[in-house]
Amino acid sequence: MKQFSNKYMLLYALGLAAVVALVLTIVATSLKPRQDKNRDAETKQMILKTIGIEATRDNAAELYDKNIDSEISFIAEDGTEIPYYTFDNGIVISLKGNGLWGPIWGYMALDHNGTVLGAVFDHQGETPGLGAEIATDKFAKRFIGKQMDEHPIVLKKNADKNNTYEVDAISGSTMTCNGVTEMLEKAFNQYRTITFSESKTEDEQ
Amino acid sequence: MKKLDLIKLPFSKNNPITVQVLGICSCLAVTAQLKPAVVMAISVTVVVALANLIISLMRKSIPPRIRIIVQLVVVSALVILVNQVLTAFVYDVSKQLSVYVGLIITNCIVMGRLEAFAMSNKPLDSLLDGIGNGLGYGVILVILGFVRELFGRGTLWGYPIFEKLGLYNIGYENNGFVIMAPMALILVGIIIWIQRSHNKELQEKS
Chain C
1 MKQFSNKYML LYALGLAAVV ALVLTIVATS LKPRQDKNRD AETKQMILKT IGIEATRDNA
61 AELYDKNIDS EISFIAEDGT EIPYYTFDNG IVISLKGNGL WGPIWGYMAL DHNGTVLGAV
121 FDHQGETPGL GAEIATDKFA KRFIGKQMDE HPIVLKKNAD KNNTYEVDAI SGSTMTCNGV
181 TEMLEKAFNQ YRTITFSESK TEDEQ
Chain S
1 MKKLDLIKLP FSKNNPITVQ VLGICSCLAV TAQLKPAVVM AISVTVVVAL ANLIISLMRK
61 SIPPRIRIIV QLVVVSALVI LVNQVLTAFV YDVSKQLSVY VGLIITNCIV MGRLEAFAMS
121 NKPLDSLLDG IGNGLGYGVI LVILGFVREL FGRGTLWGYP IFEKLGLYNI GYENNGFVIM
181 APMALILVGI IIWIQRSHNK ELQEKS
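Protein chains in written order, with the numbering used here: chain C, 1 to 205; chain S, 1 to 206.
Covered by chain S, according to a simulated footprint, are these stretches of chain C (three or more residues, beta-carbon under 8 Å):
| # | region |
| --- | --- |
| 1 | 11-21 |
| 2 | 24-32 |
Okay, derived cross-link-like pairs now, EDC-like style, lysine to aspartate or glutamate, Cα gap no bigger than 16 Å in a straight line:
| # | chain 1 | residue 1 | chain 2 | residue 2 |
| --- | --- | --- | --- | --- |
| 3 | S | Lys95 | C | Asp36 |
| 4 | C | Lys96 | C | Glu185 |
| 5 | S | Lys95 | C | Glu42 |
| 6 | S | Lys95 | C | Asp40 |
| 7 | C | Lys49 | C | Asp65 |
| 8 | C | Lys141 | C | Asp168 |
| 9 | C | Lys37 | S | Asp92 |
| 10 | S | Lys35 | S | Asp92 |
If you want the footprint, here are the derived chain S segments under chain C, 3+ residues with CB under 8 Å:
| # | region |
| --- | --- |
| 11 | 61-68 |
| 12 | 83-93 |
Hints listed in this document are in silico derivations from the structure and should not be mistaken for laboratory results. All C-beta atoms, glycine included, are put in the ideal place defined by N, C-alpha and C.
Chain S with its partners taken away, still in its complex shape (with noise of 0.2 Å):
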């Protein structure tokens, strides 16, 4: 496979949502605003990307029978750089993400690409495979978050952008059931439609 295809095919043909169906708990709890929805875009990329390259520099002396724990010590040990990352820095934004960002060890795409890719590759195709995947995993949640918090609350990175527009004037209401989580699912469906239709290859033949 190409280097770029790794990087490439997560947003196309292989996306994580979309395609592999991974991830959706996540993509669902997180998306209701913009900001934190970027957010878990980028812990979710730095974590996969640097435990695809940990654990593809570990692979060959990895013992098998163990190698579960083993990934899911590294991811671990990840994820919690991430969370006090983010309490030291962006300390409100870790707080809307409360559970979510311990909940990152659990997101299937993490041991999903730690099994199907990096156990069996080289270091540096599995960081890009890694960078692919979350990107590919994010670009979804920012989807998801723009159109969310738009229709959702009027905003967009919590500015009023609807309101200086002049739409609440005009009669407009924002849609309180776009902020809810099952919005998200049929928003999730509406892009799973539209890419398989663009993309002969996705359908199943019947």
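Extracted from the complex, chain C is given alone in its bound form (with noise of 0.2 Å):
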């Protein structure tokens, strides 16, 4: 077997790893418009589905405009840029937590009164069959006509239907739907000095 010595081991290792950085930054360069579009579709069509509107990537943009009148963001006391949508029937919030494994996030339409018309989760990694769940519309529906005025909504087991702060949790999902409670409750703190000021003030009007 051929001898190398180690001056040419480690400059091999130092050239090999300069020209696969070039390569890779060349390429997510130039496909990042692409993906950037791709993400920006995603999210108008999960603040979409909040409303109650299915759209496809493709028309999502298009549907997006008519449908959600505008893109706030306020300043949180933490320093933390937070955005809100206001569509004719309400606002509809971010949100962002982790799960088991990995960030969780979020969408969630109020009406003026704090009632969920609806929402949509989504995950980077939790357990297909269990935390995973928490992206079905099985899921998601659970959350319509609940309400996020005074407190926020809580999972839990065998939550209590006519309780409009419970919602049920997923079985075997513990760790994930808890990631869910705290989720909803950061964001019911960060929104509630604009939800609720801001919408009494229309109804003032």
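Reconstruct the complex from the two isolated chains, following the hints.
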């Protein structure tokens, strides 16, 4: 077997790393606009879904412009910028949190009284069949008609159907559901200043 | 070895899944539906073929002591490329495959072919070997995806075929178990059984 010097090995490794890095940078930069467009369309699809409109990736942008009146953001106490979207009957808030294995996120449409009109959730890597169920319509539908006005919604097992602050959790995915509860609580605290103060002034007008 | 055999053998007596029993993990994970199975098959074929070609071209310059790392860098770079292309052009599928695209890096078939073949064979042979093994892996994936989607969801490529045939009206119900990973393993077992009963060479002498 041919012998290679240490110097050769070191240079070989460095050279390879440099070439690979260059190629990947070029590809990533040149494909970025397309990928961003896809992600953007997906966000719009999710937001539309909370207000009951099923959009495909192609018509998402068009339907979004038609149905969503404005995209506003405000600065939270901790300095992060928090977006929300207004439509005819209320606002759509953005949710961000952590599940069992990675980030989870979603959107929730609220009317001016804080009643949930619709919700969607998504996740990066929750367990298929368990935590990943939060991304299903079946789970999202449980939130419709619940309240986010005085307290946030809590997920629990055997939730009381008549209690508008409780939603039935998914059995076998307690950790992910706790993540959803935390995410809702965080969002509730972030948005409470705007949601209710603004909607109330609107009601008074 | 004849060039044609390099492509043909992985389909029969040297199939990566049913004979070498490699790449089982991803084959259980992505075959609940046909579409991700096909995309995964194509992605793995592209990665194995190109990785085999590149490593074979580099094989004389690779210092043996760092060869595994070099192979890993080449494979990772290719996988990231595939992932980028999928996110840009077939976003829904890339979301469905999510972590499994990244896991092509750890697919034993890729590293297995690099070590066993590309390090000691000419570029053209290596390319063919890569294509053969990728497709040999892919064909099993497609069979599994076909069976599991058809009987688990009653659809094919998302098209509700059983509903159109009116099977639900006469009392048929989807078999949820077929969607679960264990069923994929059972199906792989059945495929291995059928293959071995037809191919005497594969049977161990007792």
